[in-house]
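Asks: Sequence:
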Amino acid sequence: MKKLTRIMFTLLIVILLFTLSISAEEGKMEKLSYDTVGYTPVGGSEVMLKDGMAEDFLKNNPQSFNEGEWESIYLRGWAGDSAPIETFGYKIDGGEFVAGEFKQATEPAVLAAGGEHASRFKVVVPVKTLKPGEHVATAYAKLTDGRILEIASFPFTVLGDSENPETGSNTMVIVMFALVAMSMAFVLTKKRVYN
Numbered sequence: 050m051k052k053l054t055r056i057m058f059t060l061l062i063v064i065l066l067f068t069l070s071i072s073a074e075e076g077k078m079e080k081l082s083y084d085t086v087g088y089t090p091v092g093g094s095e096v097m098l099k100d101g102m103a104e105d106f107l108k109n110n111p112q113s114f115n116e117g118e119w120e121s122i123y124l125r126g127w128a129g130d131s132a133p134i135e136t137f138g139y140k141i142d143g144g145e146f147v148a149g150e151f152k153q154a155t156e157p158a159v160l161a162a163g164g165e166h167a168s169r170f171k172v173v174v175p176v177k178t179l180k181p182g183e184h185v186a187t188a189y190a191k192l193t194d195g196r197i198l199e200i201a202s203f204p205f206t207v208l209g210d211s212e213n214p215e216t217g218s219n220t221m222v223i224v225m226f227a228l229v230a231m232s233m234a235f236v237l238t239k240k241r242v243y244n
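Start counting the sequence shown at 50; every next residue gets the next number (the working numbering).
The hints are simulated quantities; they were obtained by calculation from the structure and are not laboratory data. Every value quoted in this text rests on a predicted model; they were computed, and no experiment measured them. Errors might be hidden in some of the hints.
[Stated by the list, open to error] List of simulated lysine-lysine pairs, DSS-like, C-alpha gap at most 25 Å:
| hint | residue 1 | residue 2 |
| --- | --- | --- |
| 1 | Lys-152 | Lys-80 |
| 2 | Lys-77 | Lys-140 |
| 3 | Lys-80 | Lys-177 |
| 4 | Lys-177 | Lys-99 |
| 5 | Lys-140 | Lys-80 |
| 6 | Lys-77 | Lys-99 |
| 7 | Lys-152 | Lys-180 |
[As the list claims (entries may be wrong)] Here are the simulated distance ranges between beta carbons:
| hint | residue 1 | residue 2 | range |
| --- | --- | --- | --- |
| 8 | Lys-180 | Pro-157 | 17 to 23 Å |
| 9 | Val-147 | Gly-182 | 17 to 23 Å |
| 10 | Pro-111 | Phe-146 | 23 to 29 Å |
Every residue, glycine too, gets a C-beta built ideally from N, C-alpha and C.
Just need the whole structure built from these sequences, with the hints factored in.
Replies: Written as structure tokens, this is what we have:
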């Protein structure tokens with residue numbers, strides 16, 4: 050009976066440790082270099098916001114743009130894990146995983162740093178049709194073992210008409226014009242009263 054209890058206890062510990070090791074692997078890539086972020090304006094060419102330390106840059110420099118102004122944003126770097134990467138993709142605001150052709154040529158230095166399964170990526174996320182508000186585009190890697198692991202996030206704000214900074218300056222011009230017109234009317238009225 051004691052022997053059976055020891056075996057059961059040992060099996061329980063092994064199962065518990067195995068479960069903890071699997072759950073620890075879920076979520077993020079084992080090896081990662083998330084370096085470059087940028088965007089493509091509607092009808093324009095790609096603009097690089099930061100090359101190197103992109104995550105820190107986005108934390109310290111919140112990005113915002115007017116509704117319909119940017120066609121897409123991109124996140125570029127390399128990632129590696131214990132299983133081969135099947136594909137890269139993204140989610141917007143935690144929605145559905147959207148896979149795409151985001152793999153890029155992987156140079157030997159990336160394989161040396163990220164391991165045999167490392168791959169370069171450039172995940173391009175369409176943002177033109179997003180409604181005003183705060184959003185987060187997150188890049189993911191889908192591995193051949195079925196796991197979908199987070200790579201990096203790009204938080205941004207889409208501004209609507211009421212949030213558009215130009216609207217505020219146009220309003221100020223109208224207010225200033227109205228004040229000048231009222232002042233001139235007051236001066237002209239006073240001149241007529243005294244004449």
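Asks: Tell me, which hint numbers fail for this structure?
Replies: As far as the earlier hints go, 3, 7, 8 are violated by this structure, in ascending order.
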